[in-house]
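With the hints in hand, could you dock these two chains into one complex?
The chain contents come next:
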Amino acid sequence: MSRLYVFLKYLAITLWSIFVITPFLWALTTSFKTANGVTGGPTYIPWLQYEPSLHGWRSLFGGNAGGIDIVKPYIDSLIVTVSASFISIILGSLAAYGLSRFTYRAGFVKNADLIFFFISQPSCHPLSWRYRFF
Amino acid sequence: MGETGLRPYKLAFLLPGLLSLLAIILFPLIFTIRVSTSGWDAITPDLNWIGGTNYAALWIDTRFWESLARLGAMATGTVIIQYVLGFGLALLVWHDVKARRFFRLLFLIPMMTTPVIMSVIWRTILHESLGPANNLLQLIGLGPYPWLTSSGWAVTSVMMVEVWQWTPFMFLLLLAGLISLPREPFLAAAIDGAGPIRTFFNVTFPLMAPVSIGAIMIRLIEASKLMETVYVLTSGGPGTATETSGYYIYIKGLRDFNIGYAASLSITYLVIMIVLLTVVGKLLHRSLIGGRN
Chain H
6 MSRLYVFLKY
16 LAITLWSIFV
26 ITPFLWALTT
36 SFKTANGVTG
46 GPTYIPWLQY
56 EPSLHGWRSL
66 FGGNAGGIDI
76 VKPYIDSLIV
86 TVSASFISII
96 LGSLAAYGLS
106 RFTYRAGFVK
116 NADLIFFFIS
126 QPSCHPLSWR
136 YRFF
Chain G
47 MGETGLRPYK
57 LAFLLPGLLS
67 LLAIILFPLI
77 FTIRVSTSGW
87 DAITPDLNWI
97 GGTNYAALWI
107 DTRFWESLAR
117 LGAMATGTVI
127 IQYVLGFGLA
137 LLVWHDVKAR
147 RFFRLLFLIP
157 MMTTPVIMSV
167 IWRTILHESL
177 GPANNLLQLI
187 GLGPYPWLTS
197 SGWAVTSVMM
207 VEVWQWTPFM
217 FLLLLAGLIS
227 LPREPFLAAA
237 IDGAGPIRTF
247 FNVTFPLMAP
257 VSIGAIMIRL
267 IEASKLMETV
277 YVLTSGGPGT
287 ATETSGYYIY
297 IKGLRDFNIG
307 YAASLSITYL
317 VIMIVLLTVV
327 GKLLHRSLIG
337 GRN
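As given, the protein sequences belong to chains H and G, one line each in that order.
For the record, in the first sequence the residue sitting at position 57 is 62 according to the working numbering, with numbers rising by one throughout.
For the record, in the second sequence the residue sitting at position 252 is 298 according to the working numbering, with numbers rising by one throughout.
Hints may contain errors.
Simulated pairs of lysine-lysine, DSS-like, Cα-Cα distance not exceeding 30 Å [as the list claims (entries may be wrong)]: (1) Lys115/H <-> Lys144/G; (2) Lys115/H <-> Lys56/G; (3) Lys328/G <-> Lys14/H; (4) Lys56/G <-> Lys144/G; (5) Lys77/H <-> Lys38/H.
If you're looking for bench data, these hints aren't it; they were derived computationally from the structure.
Pulled out of the complex, with its shape left as it was, chain G reads as follows (with noise of 0.2 Å):
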């Protein structure tokens, strides 16, 4: 690769990219750190000095370290419901399939839509006496169901649109991971007599490893930034049941105006989701790849 160093003609390449990401990415991060140990708010807005006062104060504020349990709670449970359904549909559309790339564009459609303008169709959906979610129901003898107006509902109601729209996203990169796979393995497999579950437990799963580790931490970042689904459903409610750490923040900062204390906040969410989401890659890549790499 040449010799090492910075000759002028390799910054060249380097340093317009580096140097954009840094002024848009580090001066934000650093303003915001700086903020944190700050009482900026509606009343003093302004940046002085009150050392770590907010980070005690976010220390005992159940309600933020809720928000975070539930975001978590919240965020697996969709992303591993998206990567079954997901999976389970790459599967069903890899091959043997009439019309097979009118079902794939149709599956990935949600993934294509603003997902504030789609949460505000299903919050017309759910609406409890003029959504056709309980017509539709009732007509087959269930319901109604309080959707949006019952904290267990209404947890249901945000996984499920989060669902909706981003287990495309999930069947996209698993249907590419496995129309990619080679052909070897499985003629090896079928030569072998291995019927179709075996077939997959002991080929598919595994050749698909790399990929579903991939599909999964993406799935999972975007899935800790749950925010906008919740405000446009169920602004958090009812009282904090749908209520996640992105959603506390932007009460905190943009409607409460306690700026500085919500920029505390952000910087606990982001060094807390750093460190998870580094060990749950790191846990994801031992279980599934482990001791055959």
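Just chain H, with the same shape it has in the complex (with noise of 0.2 Å):
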């Protein structure tokens, strides 16, 4: 392998990695900003550019009036993604073990029918389905 070819190897690999970790270092900077630091013009690094607040993370953990408690959220998407993979689990290996263990036909519906519906489910649009709670 010559050399210039590891370059541009890692070169790409820093370039790529650069590009994919910029919207969290922009993220983490400005977490650290009060409001005004946020409309003042693009600043980066913290007591060199502007003076870093704890602000924005207190209100996080319910320390300001009008802060939200992150908690309480993070327990409830919690439940909700464990109780949901939970469910989809049981339901989808029974299933699948159906599958691919017996034969299963009803009329004109046969295996590879039942296992094309259950894997197309993914490709339908989320919004297709939204009408139903007005």
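If you want it as structure tokens, here you go:
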């Protein structure tokens, strides 16, 4: 492997890593700004370019008036995720085992059709199903 | 596989999943079809019967067809870019790279974040006067660019955020495919004296064809739902420059409350997508695997 090839390889990896990491760094540095710091133009380095403040972080844990407590919503989404995964694993593995072990036939519906029905669901547009809430 | 037919013990495996899916999927689908033949809107919110009036109206709704064409162009464009970049990155960290576990994990991070929240962060980055994108580019003498306020740049921005968010998915599938490739074809190619480029086009790429088709199809399906990035970044603007089908249906249904009309748009969109993606899948399969299987 030539030196140039190795150099280009690591250059490409580095460039993509920078692209990947930039939004997170920007979010991180912005999280220590006050409202005035955000609307005062782009700044990057705390203490040097702006005075960092923990105001935003304190609001997350209910420290400031009008802030939200993030712990409760976090537990809520944990409950939703875990129970939804639990139910879908049970239903899905039962159906997958049945479909791979046995042959089903009801009229024109065969195993392949059932498998297609199961795996084709993610392809539906979520918006298409949203109208039933009205 | 035993006898055919429907024995109780076999149904016990299948029915729980099938019935719950049917309840969740089929009922809303039929309901949406029914709604699409009604004039349900903010003034008359009921299921009256107006037949195919909605479908006749959408046939001449150029804004819908434009959004569909725009969606097609943007989805195809981003998926091609994602595929090329994802394949390139997967090859880069496949082997012979220091700290590859670290880079593999790093490259996957965007995929694990919430699209809406990352779009908000990207919107602040691309803000014309307050964001770092123009600020940093001006340091090297470029810009400022109207990232979100000129139609061409807005499309570019949406596509860039999509590429940022979903190239990792492509990368993940293709890297998994690369790692599971057998070693023998590569040894044979090396013994025959094939260089890296020759090896890629004659060994790696053909071996990866099935994985590639799978990855591209999954991404096309996902990309055709392109909506939240547009919603947060540009709200379909400027004008209708970045308005995709999903976003147009959202405007019609949940902002103008033309539920009936939006339902007919949804159904039309669904049918078109199913047909198009089936054709694309067949074409990909024929061109990449084609005669060899």
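Going through the hints against the structure:
1. Lys115/H <-> Lys144/G: violated, 50 Å
2. Lys115/H <-> Lys56/G: holds, 13 Å
3. Lys328/G <-> Lys14/H: Since the Cα atoms of Lys328/G and Lys14/H sit roughly 35 Å apart, the hinted pair is violated (cutoff 30 Å).
4. Lys56/G <-> Lys144/G: violated, 51 Å
5. Lys77/H <-> Lys38/H: holds, 25 Å
The structure fails hints 1, 3, 4 (numbered hints given earlier, in ascending order).
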